[in-house]
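Here is what each chain is made of, one letter per residue.
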Amino acid sequence: MSRKFKLGNLYLGSVFVLLYLPILFLIVYSFNAGDVMQGWAGFSLKHYSELFSDTRILEIVVSTFLIALLSSLLASIIGTAGALYIYNLKHTVVKNIFLSLNNILLVSPDVIIGASFLILFTVMGFALGFTSVLLAHIAFSIPIVVLMVLPRLQEMNQSIVASAKDLGANNWQMISRVILPVISPGILAGFFMAFTYSLDDFAVTFFVTGNGFTTLSVEIYSRARQGVSLEINALSTMMFVVSLLLVLFYYVISTRAVKNKKRSTRLVLPASEGL
Amino acid sequence: MPKSKKQRQLFYLMPYGLWLLLFVIAPLILLLFQSLTTQNGQFTLHNYALYFSSGTYLLMTFNSVWYALLITIITLVISYPTAYLLNQLKQKQFWLLLVILPTWINLLLKTYAFIGLLSKTGTVNNFMSLFGIVPQQLLFSNWSFLLVAAYIEIPFMILPIFNSLAEINPRLEQASRDLGANRWQTLRRVIMPLSMPGIKAGIQAVFIPSLSLFMITRLIGGNRVITLGTAIEEHFLVTQNWQLGSTIGIILIVAMVITMIFTRDRKHSRKRG
Amino acid sequence: MQPVKLCAFLVTIDLLIKSEGWELTNISTPIIEFKNVGLSYGDDEVLKNIDLELEAGKFYTLLGPSGSGKTTILNLISGQLTVTHGDILFEGNIINDVPVEKRHMNTVFQDYGLFPNMTVFENVAFGPSIKGMSKKDIKTKVTEMLTLVKLNQYADREITELSGGQRQRVAIARALANDPEVLLLDEPLSALDYKLRKEMQYELREIQQRLGITFVFVTHDQEEALAMSDWIFVMNDGVIQQNGSPEDIYDEPINHFVADFIGESNILDGIMKTDYLVHFTGKDFENVDAGMRPNERVEIVLRPEDLDLTAIENGKLIVTIADQSFRGDYYEITAIDDDGNEWQVQATNKSKIDERVGLTFDPEDIHIMRFNESENDFDARLESYEGEEDAEK
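Quick mapping for you: the protein sequence lines, in order, are chains F, G and D. If you read the first sequence in the numbering used here, its first letter stands for residue 876, the second for the next number, and so on. If you read the second sequence in the numbering used here, its first letter stands for residue 2, the second for the next number, and so on. If you read the third sequence in the numbering used here, its first letter stands for residue 6, the second for the next number, and so on.
Since the hints were made in silico from the structure, they are not lab data. Quick caveat: nothing in here was measured; it's all calculated off a predicted structure. Think of the CB as a built atom: it goes at the ideal place given N, C-alpha and C, for glycine as much as any other residue. Mixed in with the good hints there might be a few duds.
Each pair of labels, with its calculated beta carbon distance range [as the list claims (entries may be wrong)]:
1. F:T1006 / G:W185: 55 to 63 Å
2. F:L1055 / D:Q158: 49 to 57 Å
3. F:V982 / G:F44: 25 to 33 Å
4. D:T87 / F:L1119: 39 to 47 Å
5. F:S1051 / D:D226: 48 to 56 Å
6. G:H47 / F:S1051: 53 to 61 Å
Given these sequences and hints, build the entire structure.
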């Protein structure tokens, strides 16, 4: 039996190696003094200095984060309003219709989202660029926020609302003092998920970005088509660190939420669509 | 009070409803509309007729489904034992976190890593040449495409299976052993049927995106593998034939719906006479 | 007492016991035997040097509070756990390393462990089908088992459609369908309501007697244990505190724990002045225990139902009624004696609060417990002076 267990550990070990090898490979070579992802020419930070003097890349990093921040902020606001609207709906059938509509963008392949948004922007005569990318990112982030906020609302103790009313709270006081504090962990989680989705998105952006504007994913795509450049490795390492920090942050807020709510939060993954 | 409640609902609905109309309903209608019109905007079924009469498109669709199926099977075969073994570990939540961590890394970067690993002068070839195997082009082949796609999809398969396995009362495994079933019989007759919802969710999470992949086909597959996703991208951004692109999009949506119907979690389907 | 005389008494007692067919001295091979079995997780010793023998065809109960090691013993028998040291024997053969599925025993789990993806029939058929029985034989077997637990109408039901009591029955039928030689039951009745539990106690006992196989029943409910068992093992802190028939355990608790855990007890400190004379609450009382050192410190157990309230002049002790509550067939009375000791008394008549009354009891109702007496010493002492009594008669 112990032999069997060791065999199992061996299997798990190799799966983990498979999962992490490409990532470690990227990180290790970002410190290579040579210019290709093979052979080790010694340790060097030259690709990092290259990266930091590459103004084009830096600009793209800034605009990528700007898009992520703006889109997740706006999506959080609209998504929360949507969640409140759906929550307040009395009619089950209507509620289900709204829920299904809400989930369409979640299950659609990114290619479809990208292509249909491209048609939409063209039909409306909207110029492709920063604004179209921002709008697209807001659009696909809203259902994520709704999905994170709605369970919080449904778990909310009905008697708090009733007692707030009983104590004479008006509508606005009810929302700001009672409902928002209760659902704020959900909004925060939704904001965070939207942020990472936006950072990660390639396919939708690729369709609606036009010629003048680029995000990191699209930039890496076009550079990777031209071949290997260790500057990208350096960039990957930085992004890896950022991802780690984001995950850490997310776990801190979600475990805090669990402590408050005594409810196990499932691990959530970014979309796997549109690779 | 009722009046203000109505106003409040309206206040919520304004931004959200606008989003629903503009970015959910309108794009879908536009996509359908595009697929049913000519370049001049006249109604036609020509695009569908073209699609279904063309050997190239049908073969492409078949290939896309076939590769998505292969990717799904490969990830399932690797992921099920992984999820099963992970579930037996003491610190299983921690190890699961380690499985999920790679999904937070931009997938372009992960794909990019494989370009370095698999290229003709890349690490894998260098390693193989140690054993006297002549370096060969590993990139731009069907196999490299399958490898990278499976690599990226594995965590999305492991997670739902792990969750469904973790929900199974460990007592059931004990009970099965107690009744005389060995490990394998227990797995086959108790654990596997009970983890079926997870397997289905995993298939859903892998098969649908695999149908629509286009980035990996370009970077790793070297255009040898054309999926429905690649075809859509090609028609929209390269050949600018949006009508046909939309037609393929609609077909992709239909394929997606079919997959979801097949992998639906039928909770109360078991009724005996 | 002369050694020769003692030996003679022991032999007499032994013969008497054998003639009465007491379990402990049966010569045939026990169906399950623990030899110095221990189980530890790191430094945490869950079971300490357990020795026990179970005879085929009897209803055994492992009784103790949670964490006492009773379920651990069950899991060692079934094979879900393996010993750290010592041996477990089944019909005389060591089975330490025999995997769960190869043991001729089946378990009824506390939460039943029914397979939710199978019907009642499929659950019960699981064991026989693993064994490779033919479809026809399986059907016969399942029907037989479901009839035994009175569920033959429910074969095609989903598990989720059953009530708690019905699930319980399915679990029993499923475990019995494998024709086990030993049926292990891990607190199977704890999830049922009071009435259903009583009913199942009776039925389980009946099933055991009808099938004639060995039952090992784990519970923390002393009433349940006393009602169902042929033989009880009382456990605490990973040690068997006492084992014996329900009557033995109730009437002669070996130590404070057993006296407190089984039934209600008044436990007091006292001194055994000489044989048959015990001193507590400042008075000497005649009793029936012997075999201790002169003036040995002991604990006294008096059961509430053995105490009677009487007129002051007839009382062995004088107490003041502090509290009383009606319990249907008796009054539960709390009384305080002049030393400040609290007494629980079960009385048939109503009393008045603050009334001073006499408290009385018979010499044989005084149970003496020595400190740190092992079970073997306890048995030996009991046999020795009881033998003496017999000889004196």
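Here is how each hint holds up against the structure:
At roughly 59 Å, the beta-carbon separation of T1006 (chain F) and W185 (chain G) lies within the given 55 to 63 Å, and the hint holds. Evaluation of the 49 to 57 Å hint for L1055 (chain F) and Q158 (chain D) yields a pass: the beta carbon distance comes to about 55 Å. A beta carbon spacing of about 29 Å between V982 (chain F) and F44 (chain G) agrees with the range 25 to 33 Å that was offered as a hint. Between T87 (chain D) and L1119 (chain F) the Cβ separation comes to about 41 Å, which falls inside the hinted range of 39 to 47 Å.
Hint check: S1051 (chain F) to D226 (chain D), Cβ distance near 53 Å, so the stated range 48 to 56 Å holds. Between H47 (chain G) and S1051 (chain F) the beta carbon distance is about 57 Å. The supplied range of 53 to 61 Å therefore holds.
In summary, the structure agrees with every hint in the numbered list given earlier.
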